[in-house]
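*Asks:* Listed here are the chains, written in short residue letters.
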Amino acid sequence: MNAPILETRNLTKRFGGLTAVDNLSLALPGGRLHAIIGPNGAGKTTFFNLVSGLLSADEGCVLFRGRDITGLKPHEISRLGVKRTLQIKSVFHQLSVADNLWITYQASNRFLHPFRDSSSDRNAGERVDQTLEQTGLTALAERPAGTLSYGDVALLEIGMALISDPQLLLLDEPTCGMSPAETERAVTKILEMAKSIDIIIIEHDMPVVFGIADDITVMAQGAILASGSPAEISDNERVREAYLGRPEDEDYVEEAAHA
Amino acid sequence: MTARTVIERALFVVFAAFLLSVPWLVPAFVSDFWVNLIAEILIWSLFAASVNLLFGYVGLLSFGQALYFGFGMYGVGIGIDQLGLSFWPAFGLGIVSAMAMALVSGVLAVRLTWHYFAIITIVFSLIFYFLAVTMKSLTGGDDGINFTMPPTFSIDGNVWSFTNQTFQYFFILATVTLCFYLMYRVTRSPLGKAFLAIRDNDVRASLIGLNVYLLRLVAFVMAGFLAGVAGALFAFFGRYASASYMFYQVSGEAVVWAIVGGAGTLFGPIIGTSLFIVIREVVSTRWEHHALIVGVMAILVVILAPKGLVGLWRDALSRLDTRDPSATVTKTLRTEP
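Protein chains in written order, with the working numbering: chain A, 1 to 259; chain B, 1 to 337.
I should point out that these hints are in silico values taken from the structure, not numbers from a laboratory. Where a beta carbon is used, it is the ideal one built from N, C-alpha and C, also for glycine. Keep in mind that the hints are not guaranteed to be accurate.
Stated by the list, open to error - If the Cβ cut is set under 8 Å, some of the chain B residues that face chain A in the computed set are:
{"hint": "1", "residue": "THR5"}
{"hint": "2", "residue": "ARG9"}
{"hint": "3", "residue": "VAL13"}
{"hint": "4", "residue": "LEU126"}
{"hint": "5", "residue": "ARG185"}
{"hint": "6", "residue": "VAL186"}
{"hint": "7", "residue": "LEU191"}
{"hint": "8", "residue": "ARG204"}
{"hint": "9", "residue": "LEU207"}
{"hint": "10", "residue": "GLY209"}
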């Protein structure tokens with residue numbers, strides 16, 4: 001087994017009386033596409049927030065490639081190569097699609113030139129054009145990102161993930177709210193990226209999860225309920241119970257079992 | 001080229017030509033007084049630009065920019081009157097002390113955003129306003145400091161000084177133009193794009209690796225620079241420095257000028273400042289409640305034109321472009337694969 005790309009030890013986060021992430025210890029080996037699933041409120045997004053530095057842990061630590069990143073600022077963690085998307089699609093609305101990509105590419109530079117014309121940076125310009133092509137957004141390059149359709153914003157998010165050269169990519173419900181055609185397109189891109197990048201994905205769309213993940217971790221009430229291959233998870237009795245507790249999720253598991 | 005760029009370039013040339021001919025054109029048609037008024041508008045536009053840099057480009061609404069304007073003024077006033085400095089060292093002292101004050105208060109202020117940020121900027125400016133009013137020996141208190149104008153250049157017995165109205169006007173025009181040019185360069189630079197990203201979405205900006213705190217602090221010090229230059233110029237212009245210009249009402253006026261003109265646009269502050277100062281000068285001689293007009297106009301613009309007068313103008317021009325049949329509109333139909 002590869003050395004873990006991401007490891008947490010006794011990670012705990014409380015909001016008042018609620019323990020959102022409860023003594024979570026896991027080690028995710030590199031080179032595989034991990035999915036984290038679980039009912040709403042299981043602590044999945046809080047877990048991402050702890051890893052990316054948006055929240056600080058009450059206890060425990062996070063290690064990225066063996067390096068302790070607990071307590072680092074979001075931009076410091078980002079500069080180490082840990083990039084993430086947000087559950088609610090979140091881009092720079094008033095900037096054009098091309099500028100969204102451009103600033104994402106430049107963001108990890110320590111020095112941002114205050115006076116040089118930004119269009120004079122050929123290297124960045126080429127990378128932006130290339131990423132626009134990869135995501136099929138070339139025709140929309142000059143549009144303000146706030147005017148894009150939901151599916152196009154999601155593609156832009158993926159483009160921003162691509163252009164930032166991540167080493168570990170955390171995707172928080174990337175296909176949420178997409179049409180079936182858009183979902184299919186996004187899944188293709190994610191699988192393509194997974195060949196060269198380590199990806200951890202939170203997803204509610206069970207056919208997507210069971211279709212693409214190498215490993216699945218199931219969270220419930222802030223702790224790990226089960227982890228294993230998609231086949232192991234779909235046969236796991238406790239996972240079924242966790243979902244059966246919420247009837248509207250029942251058919252997901254049924255569907256997943258036959259996926 | 002679209003109709004919009006043609007019209008905007010033509011207007012820019014006319015505007016530049018007007019500014020360059022003011023010392024000859026304006027006395028011929030109106031009076032000498034208006035040359036000084038236009039110089040004053042230029043200075044206040046630069047001050048409004050400092051609010052605009054923070055609010056329009058970084059998304060921080062400061063109600064305390066008068067503090068840095070005041071430091072620019074007192075740097076010059078104290079420098080000349082008490083330290084015996086000549087023109088350029090005094091100018092430098094004004095700018096550096098404004099930037100230093102911006103750095104010190106910025107370290108605390110930019111940790112906050114929105115109303116918390118607005119409140120802390122007001123608090124800082126009030127603290128120093130009252131300090132300036134009470135420290136009479138240094139600041140002259142309410143009376144301020146009056147000083148004798150040192151010459152700007154003195155080469156081989158030839159002296160250029162602000163006592164010459166035309167020289168004074170052109171010095172102010174050149175300095176303000178240089179500052180606006182620097183701001184234009186910044187808005188097009190990598191740093192400027194990082195500012196815009198933070199304005200749009202600070203959480204996302206931190207996740208792509210931007211040091212949001214440091215960048216906001218840089219913007220705050222840059223805004224302190226613009227306000228400091230404006231304050232220093234205003235001290236030279238009036239030959240005095242006074243605590244009354246550090247009051248938060250002065251900050252508030254600049255916020256109105258910048259927002260009505262168009263926050264997030266380079267020329268917005270110039271338009272807003274010109275409009276309100278001209279209204280004040282023209283109306284105040286006949287009607288004492290001229291502030292009422294200002295208030296009504298500010299409210300109307302905020303409700304009807306959220307991007308200010310420049311935004312309104314741009315919308316009108318882009319409608320012109322879409323109606324123009326010669327304009328090339330590329331429409332590509334995108335299909336799901």
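*Asks:* All hints, please: hold or fail.
*Replies:* Hint check:
1. THR5: 15 Å, violated
2. ARG9: 18 Å, violated
3. VAL13: With a closest approach of 22 Å, the B:VAL13 hint is violated.
4. LEU126: 31 Å, violated
5. ARG185: 4 Å, holds
6. VAL186: Holds. Min distance 5 Å.
7. LEU191: 4 Å, holds
8. ARG204: 5 Å, holds
9. LEU207: 6 Å, holds
10. GLY209: 4 Å, holds
Going through the hint list in order, the structure does not satisfy hints 1, 2, 3, 4.
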